[in-house]
Amino acid sequence: MRLSFVLSFVSILFIAGLVYANEYIKKIEIEGLKSISEQEFLYLLGVKENESFNRDEITQGIKRVFLKGLFDDIVVEHKEQIMKITVKEKPFINKVEIKGNKYFPEKFFIKLLSFKNGDRLKEVEIKRSQHNIEEALGKRGFINSHVRIDRIFNENYVNITIFIEEGEPLIIKNIIWEGNFDEYVKAFLSLNIGDPFDTVLVEDFITTAKKYFTRQGLIDSEITYSFKEGELILKLVEGKKFNIEFKGIESLSTIDLKNIAIAHFQDKINENIIKDSVNSLITFYRSNGFLDVKIIPLLEESEDEWKIIYFINEGTRKLIEKIDIETSISTKELKNILFNKENEPYNPEELENDRQRIEEYLKTKGYYYAKAFPPKIKEENDRIQIFFKVEEGKQIKIKLINLEIKNDLLKSEALDVIQKYNEVLFNDAIFIEIKRKLREIYIKYGYSEVKVEGNYEIKNDEANINFRIDPGNKKYFGKSIILGNEKTKTRFIYQRLLSKEQEPYDPYIIEEERQALYKTGLFSRIDIQPQVKDGSVDLIYNIEEAPAGAFEFGFGYGDYEKLKGVVDFSYINLFGLNKQIFSRAEISSLEKRIYVTYMDPWLWKDLTFKSSVLFEKVEVKNIDTDDTMYRIRRYGISTGFEKKFFEHFKAELLYEATYAKTWDVMPEVVLSDKDIGKLFISGIKASLIYDSRDNPFDPKEGWLTGATSKLSNEFFGSELNFLKSSFYVNKYTELIRGLVLATSLRGGWAWLYGSTDYLPIYERYFLGGRDTVRGYDQNTLGPRNNEQPTGGNAFLMGNLELRTSLGKNFFLVNFLDFGNVWKRASDVDATNIKYTTGAGLRYKTPIGPLRIDYGYKLNRKADESHGEIHFSIGHAF
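Residue numbering for the sequence shown follows our numbering, starting at 1 and increasing by one per position.
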């Protein structure tokens, strides 16, 4: 419909040599094209210089171009091997004015428009908007309204003026209230005598009033209205109070039973609904082993209340003591697939399903003729024993697969597939699997309409299978047409698509392309519609762009920094090419840090370019004494490359340079002259990361592991020579639902060489605090000088957490931490490792859990505290 509408406004002129097929184009001239590139335009049109063309190809090409929704007219002329194309584009809407409105503000009408400033002028949207306005005014009581839309064109722009003639509305001359109801309800009606008859406000009143009645516990309320000759009649029949009561409950939850029953009584009550509620309650009881339960409902009605009393005789609960399956194979797996299980309530309604489950399971194991007989039940003292008898029969194996293929197309490829199934145990699922794989072969080679029919015959313990394959006609990929992108460059999207024109049509490739586009993070919806034309298939990509920018801020509290604030800004579609910028500012009483990162994910194939700048000003304190250990102001840059490979791996290679000034350094922590004053460090940093976590903020399954090395050398202009390496291994395992075991092992060391004897203080390792070894204050573990921590060149630490869900987004965490810091790697001594244990509470938020932990020292010194409390956001690892 859309295409026929567009083509009705199009003039397509073919003069001179165009009437002859396969004419030659020496030169192409285009006039009036501004909105898309000539390259895309000619690609969709299907013509090139120094190539021939024919009339049908041009006609199909023009239809493709019009799908873009940008053009009013295209004129094609061909003369003396020169093709001249004149394009008339749809004008941009420059300005929208509302005039003549008296009763409603301008914004009321703007919300009803299906176009806005900056859109292309589309007549269908103009008519839709006109209809929307007239319909909305009619609902508001202005039934004689009229809307006229004028257009004033100026080159490639158009100004739109919408003239509103609201007319005289239907006026409410009187309001009559009928029925029995709470007078308070009248306040919900925002209409008064003398107002226009606004059906929208009347419907709002009805919705609000019904919600009010529901909150009052009333059922079967009714509200209707009528309007005639200026008189609005509102009839309200207030429902009755509704209560449910149970008598005789001993074993099951009253809350569960009430929820089951009340779900049947939403807005009315009658005998059938009561029967349905009783049946649901009986089903619930029987599923919990109460087979002899009896429920009698009693309905009591007074002038203002409905009350249902359910009299319940639960009977005795029957539990399954034993399930015995008479079979020659292992019964462990069979018992696992049954609904009825040992030491659980007996449910006879599931017995037949359990029998069928046994049969179906055995068939998957090749026992095609397996039969499970109806079970025998033995009951003694409310303990149930269930006995299944099974005849497996022989296991059936595939002996022969015959192929009958029209014209023997792709026969060798099909034979390669079926060879893998020789002597495989047979069942219906295997038969369907072979059929599907045969179809996939032909579909991938362009035979998308392939028909695969098959049957099988079983003799003794062998299955013979026959397939008949009709490949149909082969199809090829045609053009790819991109629609809906406003901010993202069309050429960027084309670059993400596979080069496939004139290749065999393979619909599986389409899904690969969809996933590739989604991975950019730019799109919220991608619909790909194949459009078949003779032997080719054009693909129409209807794209909906996701918001590319994000602004977030937050405030928090940490046991070390106290109050702190964070501001994040990101934009992932710079220049419409998916280039990205991320910035973050962190401010607290001790730290001020700003960093900005630019990324180009498409520098070359899947190689990402990264560049960052950093500024930070930090005051490091001894949390025990509140003394300043040192202050630092640091400027940093990094630039390099990141590459993702396989599914979960990522590697980075960066050049890093930092210029730092350190002052107010406590004498006790000074190890060399490099700890004070200005210092320039420069070098290469390499990282390898493996991440298979199911959720980066709150993982339940997967691994996060990585290793990083940083080489600083005078060759790069650095004032220090060192090699720092570190690693981490985190594992997350959901033991049962709501219980996660999280483990972590981390370590690092530094090797100094050349004229470098000590690392500066801000490059040394420190442990202790909320994210390392809890129970010790921030940065207090490791070497000390006059009781002040000095940090070291090596560390080793580990964490073990048991995270238990308490419901309502709350979690309880029990943990064991260990670790220490040593002055040099050669000083590492396992006997010096410090151990802590403790517990914490988490509250889950979209950015990670809020947490409070208490850590208790297991091998503390005599003068140390027993433990510490830690506050923060996010998991410790």
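If you are wondering where the hints come from, they were derived from the structure by calculation, not from laboratory data. Treat the hints loosely; a few may be bogus.
[What the hints assert, rightly or not] Straight-line C-alpha distance at most 25 Å; calculated DMTMM-like pairs for lysine to aspartate or glutamate: (1) 211 <-> 222; (2) 111 <-> 97; (3) 107 <-> 73; (4) 644 <-> 470; (5) 34 <-> 134; (6) 435 <-> 457; (7) 406 <-> 470; (8) 116 <-> 544; (9) 79 <-> 29; (10) 643 <-> 591; (11) 444 <-> 461; (12) 335 <-> 304; (13) 562 <-> 511; (14) 139 <-> 155; (15) 363 <-> 470; (16) 444 <-> 408; (17) 95 <-> 77.
[Stated by the list, open to error] Pair ranges (Cβ atoms, derived): (18) 547 <-> 123: 25 to 35 Å; (19) 473 <-> 154: 28 to 38 Å; (20) 70 <-> 179: 57 to 67 Å; (21) 184 <-> 489: 52 to 62 Å; (22) 514 <-> 473: 42 to 52 Å; (23) 157 <-> 470: 22 to 32 Å.
Small disclaimer: the values here were computed from a predicted structure and weren't measured. All residues carry an ideal CB built from backbone N, CA and C; glycine is no exception.
Tested hints:
1. 211 <-> 222: Holds, at about 12 Å.
2. 111 <-> 97: Holds - the C-alpha atoms of residue 97 and residue 111 are around 13 Å apart, at most 25 Å.
3. 107 <-> 73: Measuring from Cα to Cα gives roughly 34 Å; hence the hint is violated.
4. 644 <-> 470: violated, 42 Å
5. 34 <-> 134: violated, 36 Å
6. 435 <-> 457: Holds, because 15 Å separates the two Cα atoms, which is no more than 25 Å.
7. 406 <-> 470: Holds: residue 406 and residue 470 sit about 5 Å apart, inside 25 Å.
8. 116 <-> 544: holds, 17 Å
9. 79 <-> 29: holds, 12 Å
10. 643 <-> 591: Violated: residue 643 and residue 591 sit about 32 Å apart, past 25 Å.
11. 444 <-> 461: Violated - the C-alpha atoms of residue 461 and residue 444 are around 35 Å apart, more than 25 Å.
12. 335 <-> 304: violated, 54 Å
13. 562 <-> 511: Violated, because 49 Å separates the two Cα atoms, which is more than 25 Å.
14. 139 <-> 155: violated, 38 Å
15. 363 <-> 470: Violated - the C-alpha atoms of residue 470 and residue 363 are around 30 Å apart, more than 25 Å.
16. 444 <-> 408: holds, 16 Å
17. 95 <-> 77: violated, 35 Å
18. 547 <-> 123: 25 to 35 Å: The hinted range 25 to 35 Å holds for residue 547 and residue 123, with Cβ atoms some 30 Å apart.
19. 473 <-> 154: 28 to 38 Å: violated, 51 Å
20. 70 <-> 179: 57 to 67 Å: At roughly 58 Å between Cβ atoms, residue 179 and residue 70 fall inside 57 to 67 Å, so the hint holds.
21. 184 <-> 489: 52 to 62 Å: holds, 59 Å
22. 514 <-> 473: 42 to 52 Å: violated, 25 Å
23. 157 <-> 470: 22 to 32 Å: Roughly 56 Å apart at Cβ, these two residues miss the hinted range, so it is violated.
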